[in-house]
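Visitor: Chains as they are written, first to last, in numbering that gives the first Met the number 0: chain A, 0 to 303; chain B, 0 to 324; chain C, 0 to 469.
Just so you know, the hints here were simulated from the structure itself, not pulled from any lab data. Certain hints may be false.
[Said to hold, decoys possible] One-sided excerpt, in silico: chain B residues whose CB lies under 10 Å from chain A:
| no. | residue |
| --- | --- |
| 1 | S77 |
| 2 | P161 |
| 3 | G231 |
| 4 | Y247 |
| 5 | E251 |
| 6 | T256 |
| 7 | G258 |
| 8 | K263 |
| 9 | S265 |
| 10 | L280 |
| 11 | K283 |
| 12 | A319 |
| 13 | T321 |
[Unchecked claim] Calculated from the model, a selection of chain B residues having no Cβ within reach of chain C, i.e. all distances over 10 Å:
| no. | residue |
| --- | --- |
| 14 | T232 |
| 15 | G297 |
| 16 | P300 |
[To be verified] If you anchor each label on the Cβ, the simulated ranges turn out as follows:
| no. | chain 1 | residue 1 | chain 2 | residue 2 | range |
| --- | --- | --- | --- | --- | --- |
| 17 | B | P300 | A | I18 | 55 to 63 Å |
| 18 | B | G132 | C | R316 | 19 to 27 Å |
| 19 | B | R266 | C | Y294 | 53 to 61 Å |
| 20 | A | E135 | C | S238 | 37 to 45 Å |
| 21 | B | R275 | A | L137 | 16 to 24 Å |
| 22 | C | N298 | A | E135 | 45 to 53 Å |
| 23 | A | G38 | C | M381 | 44 to 52 Å |
| 24 | C | G304 | B | E127 | 19 to 27 Å |
| 25 | B | G132 | C | Y41 | 51 to 59 Å |
| 26 | C | Y294 | B | P117 | 42 to 50 Å |
| 27 | A | I203 | C | N49 | 38 to 46 Å |
| 28 | B | R275 | A | P120 | 37 to 45 Å |
| 29 | C | Q268 | A | I203 | 41 to 49 Å |
Positions of the beta carbon are idealized from the N, C-alpha and C atoms, including for glycine.
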Amino acid sequence: MSHLRVPLGTWIRTLLIAIAAVVMTAAPVFAAEIEIAVGAPERVSVGQDVEIKALLHQDGAPLEGAEVAVTYQAAIAGESGRVELATAVTDATGTAIMSFQQRADENGEMQVVYLGPDDDPVKPHTFTIAVEAGGEQLYQQQTGVRIPFVNGTLLIVVISGVWFLIALAAIYLVRVGMAGRITDRPSSEDGSIWISVALAAAAIVTAVGMVIVFVRAPVSNTHITDPDGYDRTIVNYLDVSYPYEGFGLDDDSDARTGDPLVDGSVLYFQYACAACHGLTGQGAVVGGALVDEIGSLSSFADDV
Amino acid sequence: MKQRPDKASAEASSSEEINITIESVDRRSALKYLGIGALGAVPLMVSAPVMNGLVRDVVKGTPADEGSAVAEPALTKSGRIRQWSMIIDLKSCDGCQSQGTPPQCTTSCIEGHLVPQPMEWIEVFEAELPGGGTQFIPTPCMQCEDPPCVKVCPVGATFPTPEGTVLIDQERCIGCRICMAACPYDRRFFNWGTPPAPPEAALADYNPDHQTPATVGTVMKCDFCPDMVRDGTLPMCVQACPNDAIWYGDLEEDIATNGRNIVKASRFISGNSGYRLKEHLGTKPRVFYLAGHGEDVGRDPDETGRMPTEWPWIQRAEGAVTWTR
Amino acid sequence: MDTLTNWRERLISKTSRPTLVTTYRYWLWLALLTVVLINGMYQYSTQWRNGLYVTDMRDRISWGLYITAFVFFIGISHAGTLISAILRASKASWRAPITRIAEFITAVALIVGASFVLIDMGRPERILNVYLFGRWQSPIMWDVMAITTYLTASIIYLYAPMIPDLALYRDRLSKKVGTVRAFLYRTLALDWRGTPSQLKLLGKAITIMMLIIIPIAVSVHTVVSWIFSMTLRVGWNSSIFGVLFVAGAIFSGVATLILVMAILRRIYQWEEYLTEKHFVYLGYLLAAFGAFMIYVNINEYLTEGFKLEEAGEFAFRQLFIEDFAVMFWFYIIGGLLGPVVLMLIPKTRTIGGVVAAAILVDIAMFLERYFIVVTGLRVPLMPYEPASYAPTFAEWSIFAAGIALFCLLITIAIKIFPMFAVWEMTEEHEAVFAGADRAQESMATSGAPNAAAFIDGAPDQRQRTEGDAP
Numbered sequence: 000m001s002h003l004r005v006p007l008g009t010w011i012r013t014l015l016i017a018i019a020a021v022v023m024t025a026a027p028v029f030a031a032e033i034e035i036a037v038g039a040p041e042r043v044s045v046g047q048d049v050e051i052k053a054l055l056h057q058d059g060a061p062l063e064g065a066e067v068a069v070t071y072q073a074a075i076a077g078e079s080g081r082v083e084l085a086t087a088v089t090d091a092t093g094t095a096i097m098s099f100q101q102r103a104d105e106n107g108e109m110q111v112v113y114l115g116p117d118d119d120p121v122k123p124h125t126f127t128i129a130v131e132a133g134g135e136q137l138y139q140q141q142t143g144v145r146i147p148f149v150n151g152t153l154l155i156v157v158i159s160g161v162w163f164l165i166a167l168a169a170i171y172l173v174r175v176g177m178a179g180r181i182t183d184r185p186s187s188e189d190g191s192i193w194i195s196v197a198l199a200a201a202a203i204v205t206a207v208g209m210v211i212v213f214v215r216a217p218v219s220n221t222h223i224t225d226p227d228g229y230d231r232t233i234v235n236y237l238d239v240s241y242p243y244e245g246f247g248l249d250d251d252s253d254a255r256t257g258d259p260l261v262d263g264s265v266l267y268f269q270y271a272c273a274a275c276h277g278l279t280g281q282g283a284v285v286g287g288a289l290v291d292e293i294g295s296l297s298s299f300a301d302d303v
Numbered sequence: 000m001k002q003r004p005d006k007a008s009a010e011a012s013s014s015e016e017i018n019i020t021i022e023s024v025d026r027r028s029a030l031k032y033l034g035i036g037a038l039g040a041v042p043l044m045v046s047a048p049v050m051n052g053l054v055r056d057v058v059k060g061t062p063a064d065e066g067s068a069v070a071e072p073a074l075t076k077s078g079r080i081r082q083w084s085m086i087i088d089l090k091s092c093d094g095c096q097s098q099g100t101p102p103q104c105t106t107s108c109i110e111g112h113l114v115p116q117p118m119e120w121i122e123v124f125e126a127e128l129p130g131g132g133t134q135f136i137p138t139p140c141m142q143c144e145d146p147p148c149v150k151v152c153p154v155g156a157t158f159p160t161p162e163g164t165v166l167i168d169q170e171r172c173i174g175c176r177i178c179m180a181a182c183p184y185d186r187r188f189f190n191w192g193t194p195p196a197p198p199e200a201a202l203a204d205y206n207p208d209h210q211t212p213a214t215v216g217t218v219m220k221c222d223f224c225p226d227m228v229r230d231g232t233l234p235m236c237v238q239a240c241p242n243d244a245i246w247y248g249d250l251e252e253d254i255a256t257n258g259r260n261i262v263k264a265s266r267f268i269s270g271n272s273g274y275r276l277k278e279h280l281g282t283k284p285r286v287f288y289l290a291g292h293g294e295d296v297g298r299d300p301d302e303t304g305r306m307p308t309e310w311p312w313i314q315r316a317e318g319a320v321t322w323t324r
Numbered sequence: 000m001d002t003l004t005n006w007r008e009r010l011i012s013k014t015s016r017p018t019l020v021t022t023y024r025y026w027l028w029l030a031l032l033t034v035v036l037i038n039g040m041y042q043y044s045t046q047w048r049n050g051l052y053v054t055d056m057r058d059r060i061s062w063g064l065y066i067t068a069f070v071f072f073i074g075i076s077h078a079g080t081l082i083s084a085i086l087r088a089s090k091a092s093w094r095a096p097i098t099r100i101a102e103f104i105t106a107v108a109l110i111v112g113a114s115f116v117l118i119d120m121g122r123p124e125r126i127l128n129v130y131l132f133g134r135w136q137s138p139i140m141w142d143v144m145a146i147t148t149y150l151t152a153s154i155i156y157l158y159a160p161m162i163p164d165l166a167l168y169r170d171r172l173s174k175k176v177g178t179v180r181a182f183l184y185r186t187l188a189l190d191w192r193g194t195p196s197q198l199k200l201l202g203k204a205i206t207i208m209m210l211i212i213i214p215i216a217v218s219v220h221t222v223v224s225w226i227f228s229m230t231l232r233v234g235w236n237s238s239i240f241g242v243l244f245v246a247g248a249i250f251s252g253v254a255t256l257i258l259v260m261a262i263l264r265r266i267y268q269w270e271e272y273l274t275e276k277h278f279v280y281l282g283y284l285l286a287a288f289g290a291f292m293i294y295v296n297i298n299e300y301l302t303e304g305f306k307l308e309e310a311g312e313f314a315f316r317q318l319f320i321e322d323f324a325v326m327f328w329f330y331i332i333g334g335l336l337g338p339v340v341l342m343l344i345p346k347t348r349t350i351g352g353v354v355a356a357a358i359l360v361d362i363a364m365f366l367e368r369y370f371i372v373v374t375g376l377r378v379p380l381m382p383y384e385p386a387s388y389a390p391t392f393a394e395w396s397i398f399a400a401g402i403a404l405f406c407l408l409i410t411i412a413i414k415i416f417p418m419f420a421v422w423e424m425t426e427e428h429e430a431v432f433a434g435a436d437r438a439q440e441s442m443a444t445s446g447a448p449n450a451a452a453f454i455d456g457a458p459d460q461r462q463r464t465e466g467d468a469p
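Excised from the complex, chain A in its bound form (with noise of 0.2 Å):
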């Protein structure tokens, strides 16, 4: 039978043919094969209303009555991840339509998932859309009531009007005071004219006074519109700057100044350790005493 005998190399092509074979006729019933094809802007500018239209098709044919999501990589506070901005169902001719509000100053790589059961995972589009630079504040802070002339200006006149007459009467007595001074008296009496006179400079000094008050005071409850707003000193304070010499996290050079202890102690607090491990390191309620020897392999294997 010698001639019956196929070589090695033969039956691992044939093998290999065959499980080709299968595996292509067979795929269509594993694969999910849903394709997703997006339409989107290529660009957009901050505020804007965006529409991402995604087209679904299974086996060619439209698919209806899936759920689609579009998300984006978004970064905040050191943490980054995916999220989802909008979600849409298809409809008959397989296309949702996701709307959002570009809120982002940059989208990183966004995509488009379907959402159906996790054994049957679908690939998802990714696509960009880039973010013109710059753009408006869009969070509007809805702060308090303005009514028209009831504000500064309403106070000022009736304070200065009523502080008015109150001088007005102040400067009555005063020339009181004079009317006395007509007939023949002795310069030893002229001092009780200087008492009127007080009076009605010390009510005019503190209407005026007052008044300053008012001008000073600016307005807070800061609309963010407010051009004063902007400034985060210059909300209350009439041109007074806050000076930032906080901890200065951007500037440490109090951890500078050589002697380790002060520098550890600064940067220790600075950096908000203490807030879980407590001070000197004893530790909080919250994180790890940190009094071991720390490196050591032995306070690794502890904490693990």
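Following the hints, position chains B and C against chain A.
Guide: This is chains B and C only, laid out in the frame that chain A set:
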């Protein structure tokens, strides 16, 4: 009303019989005087802008203004101002019952800011649920958009920043405590005595962003850790929560994070039945709550009680004067 | 008219007696007040050193006795406005003997009340911040403005009508009092000669002040009430606070005036000038305002109690039934109903009855201020146990020192200033006298019983009827 004859006044050196004419108070004289008064207000009003400018020039000369750095508000990449807010997921908060410790958000805030005892800038209240049982509500300062405390302060010691946080300038505060009467959430605290301070406090240059060292006779409260978030880390309470129940967000870019995940803030709030405390008062708080009682971490509403708050750093403070709430 | 002159001379000699004669009792009283004042100042020094820790105020109940005292004293200061300004504007002649005392109470009460604000501050040394950085949007700033305006206005309104009397003292008493007081009279009398031009000018000044001090006074206690009602607290969040406080201020002001009048009348034998009629009329005023206060309180409590919003039940419970019930019901029954009842019953419509009513009112109004402040703050804002507050010895000492300062300033004022508006009383007396004179004459001719027997100075007058022209 009789009038004394003039000739008598020339010789009299005293004021024996006198009758003073009080003008009859009729409408005309009243209106006349009111008119004079109103007229007197006009020059003051007109000069107000001029005086405003004059006063600004005078104030400009103070040393604090010259050549000092002004802290920039926290900005997005394109220069929009961040609008800080918090979302607290009550489904994940169990008052640290499962940890067996006092609430860790409170403790980390106390340790990190050297908060004097008995202040709890973020306080975990235990509220009764309508159907029985309790829920835990960590309550930081609400950082209201229409803050009653800012409205009533006579000297502007408490003020809102462009990021939306409400800060206190303890160097301006006169200690009148009307802000404490005005706050409807019990979130402001007063230094009744000289607050204790450890040696580290001396390293701090005082700044409203970081209320250390505390001074007697002034008001303090949660400030959303503005110095930390401006530099890209999360506040102490957010970092410390073992269940990641506190989310910190920016309403401008509409994202929030709890240190582990990121969400789109508006969808997160609306999709989880978010609400705010005492909404009817119109304070428009920036802290949102997602209803729950700790069920996501396995808490039953009938498990009441939490560990009482502690101030561990006080043990290191010399001659600590403390008081009760 | 010699009789008028006699009457006037008697008036001057009787009312200037305190300025000339000082008894040992006066020094004893002064010493007592000084002791209380010094104790209060010592307690305040402990507060200055240790902070407000020495009080019982804490985070939850952050206002207490000091703010109560502030509101109470500012309230008392409305006595002067009512008596001096409103009654003068309405030409009620009976007010003449009491205007000066009322105006003094006003000025002194304002000074004492304003100092309690300073005492309550956590950082009193930063008071200048209020002027350097003041925000006019703040209720406390309105308070500062209103009280400054009222203090200035009431000092001018106290001083202006006193000028002729100071001139009187300058002319009569300069040699009998020391150089300091003589100099004071000479300086403050503003060269008063009684000339027509001076009369006219002074009349103008007084008219202006009389017109504006009424709205100023109303605004003062209204803005004081707004310190509470501009917050969102249950019990304070009420729109009727302005009316409540102004009415309560006039109420307690009249009561304090009655008390001061009664005390001075007894000590200096001023029965001829502070007559029963004055007390009864003031008693009527007290009863009228008591009735008005009852109406305002019904409005406040009925509308809140009918609805009982969240935490409303706690607020009502602590006020009506539990912790503050004794205070509250004493206020309602003793302080509000008391004067009404005492004045309705003819038997108690005497000086004694009116003084008793005034004592009840003053105590009740103090308690009202106290429980408004404390119960408003005691209602829990979040789920926590309600706190409690009981003033410490330091707080009571400082409060007592405030009362002592009030009494002290008035006591010193009695020594220096004329406590009666001699010229106004002469005017009123002359008008009454002239009318009685004519009546007496007609009765003498008609042979009717001599009604003049009931008029002061009547025996003198009967002798002179033939010679004098009316």
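Visitor: Quick check: which numbered hints come out false for this structure?
Guide: Hints 10, 12, 13 are the ones this structure does not satisfy, whereas the remaining hints hold.
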